[in-house]
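Protein chains in written order, with my numbering: chain Z, 1 to 248; chain V, 1 to 248.
Don't read these hints as lab results, they were simulated from the structure. Just so it is clear, the structure is predicted and the values come from calculations on it, not from any experiment. Honestly, I wouldn't trust all of these hints.
When chains are identical, the list treats them as one kind, so a pair holds in a single copy or across two.
Stated by the list, open to error - Listed next, the in silico PhoX-like pairs over lysine-lysine satisfying Cα-Cα at most 25 Å (straight line):
no. : residue 1 : residue 2
1   : 44        : 34
2   : 234       : 50
3   : 112       : 50
4   : 234       : 44
5   : 226       : 211
6   : 234       : 112
There are 2 protein chains.
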Amino acid sequence: MRQVPVQDSCLVERMRYYIDIDDANEALLRGLEKDEVSYKSRVKLHLQEKNTNLYILKTGWLYRYTDLPDNRRQVLRVHFPGDIVGLTDVAMEETIGDTMTASDVVLCPFPKRSMDVIFRQSPRLTALIFSLGMLEEAILLDRITMIGRSSALRRVTNYLLEIHSRLRTHTDDATFNSFEMLLTQEVIADALGLTNVSVSNAFGQLELDGKIIRNRKVITIVDPEKLKKELDFKDRYFRIDTSWFPSH
Amino acid sequence: MRQVPVQDSCLVERMRYYIDIDDANEALLRGLEKDEVSYKSRVKLHLQEKNTNLYILKTGWLYRYTDLPDNRRQVLRVHFPGDIVGLTDVAMEETIGDTMTASDVVLCPFPKRSMDVIFRQSPRLTALIFSLGMLEEAILLDRITMIGRSSALRRVTNYLLEIHSRLRTHTDDATFNSFEMLLTQEVIADALGLTNVSVSNAFGQLELDGKIIRNRKVITIVDPEKLKKELDFKDRYFRIDTSWFPSH
DNA sequence: CGAGAAATTGAGGCCAATCAAGAAGTGTGG
DNA sequence: CCACACTTCTTGATTGGCCTCAATTTCTCG
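Using the sequences and the accompanying hints, generate a full structural model.
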């Protein structure tokens, strides 16, 4: 993964993936991202307690989860670099779950109130942020289908494809098919409504079938396109409909 | 359920539940809702094929779903009167699933492109629509938790509470605790990743335990607040954080 | 190198799926 | 208003996949 110069905006980069951004809008976005906070791997973040901030995830992975009464846990969503963390919470008075880092991360906080600046000054950015929110929703819808109606093996396979697909919007390499898996099998299990045992078995099966190759934390999907066809996996995450966007 | 005069806007009514709306914004919203289309119960809607429209659900219930390869089905979300149908699809070039009516319904279509008019003219409505989208997302997050980590009985109970909670935003009666269930047990099953058999058993159990009373299609939750406490049900759907909203 | 975390492997049990048959409810046409 | 067909719901017996519990191995990182 290539090193991003400090003065580069992760958010701008992510958004340019989808639309053109003029100078005024770029300035607007850069204004959001001026602070930076770093955290170690596998720590709980208490940032959201007052729910007044949003965060842009600059580097690393993190996930949101809720603890359940019976000592279980449900992982709600995983975030990758360039994601806006906490969009859902904008609408709510309380946040929807706790946050934990899956690796060392760098976050850029900005106040919820900044959203209204964007809403007032740039219909175009508004449309994009709105669409990114809807895209996250589409991811959830797919996960519901995954969890509701598939075997453990299918859930895990689908999830790998989801991660593969989402990471691809952060790289220029169209042919990339391996990535470092920063989630433990237990986190994956908690995301898919399984146990670590089932996840381990599924990985073993996938390897046995020659669908993936594992080397330490690095997972290589042997033939992503073929696998997507087999599972009828809809690759929705790399493209949005910008045809209706306001021009500035 | 009280009869709404024809000239009333279902969307305006729904939005006034959350925020004040001035005359200019009301006119903006009413402009969206001028057409009306009616459909019979239990028919598939082919409206979304070109994915150029959004719809406001004026009366009745409908649901979105996807068919799976192995002849199963996953219900993704259910919509009640006042809901905006297809918000998620705004971001996508293709829609995320098919639509079926659960009862006779009346829909008000308006083109996707109208969204940009709102985005340009009213930051305040933009913030609200954005928040309503995020609210729908919160519903999905809760459903993921429901499906991922609960027994059949808990899933069904939680789902009844969700419906109860969501319907409450459409009525003035703070004490209402019964509603006509317009979904078949098979639809509920497909929403929760269960079979109709499990759903039937769960309903039977709930009745036996005195948690609900059934009379034809009408379900009465004996003590909603108590049940919510028991299940640690977070009632998120009746309130949003409007503190950061632009004033017009 | 050593301690703790993560992953693997195996045995046994349970919940919900599946299959199936019958009852109850719903809607339609005569 | 009733008869009939069809859908929906209920109930029971059997099966299977995933969970639970537990022991061991492998990995990670100070």
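Verification of the hints:
In this assembly of identical chains, the alpha carbons of residue 44 and residue 34 lie at most 25 Å apart only when taken from the same copy (23 Å versus 50 Å across copies). Taking the closest pair of Cα atoms, residue 234 and residue 50 come within 25 Å of each other only across two copies (18 Å); inside a single copy the shortest separation is 37 Å, beyond that limit. Only within a single protomer do residue 112 and residue 50 lie at most 25 Å apart by alpha-carbon distance; the minimum there is 11 Å, versus 35 Å between protomers. Taking the shortest Cα distances, residue 234 and residue 44 sit within 25 Å of each other only across copies (22 Å), while inside one copy they are farther apart (33 Å).
With identical chains, the CA atoms of residue 226 and residue 211 are at most 25 Å apart within one copy only, with a shortest distance of 10 Å there and 49 Å across copies. In this assembly of identical chains, residue 234 and residue 112 lie within 25 Å of each other by CA distance solely across copies; the values are 23 Å between and 32 Å within a copy.
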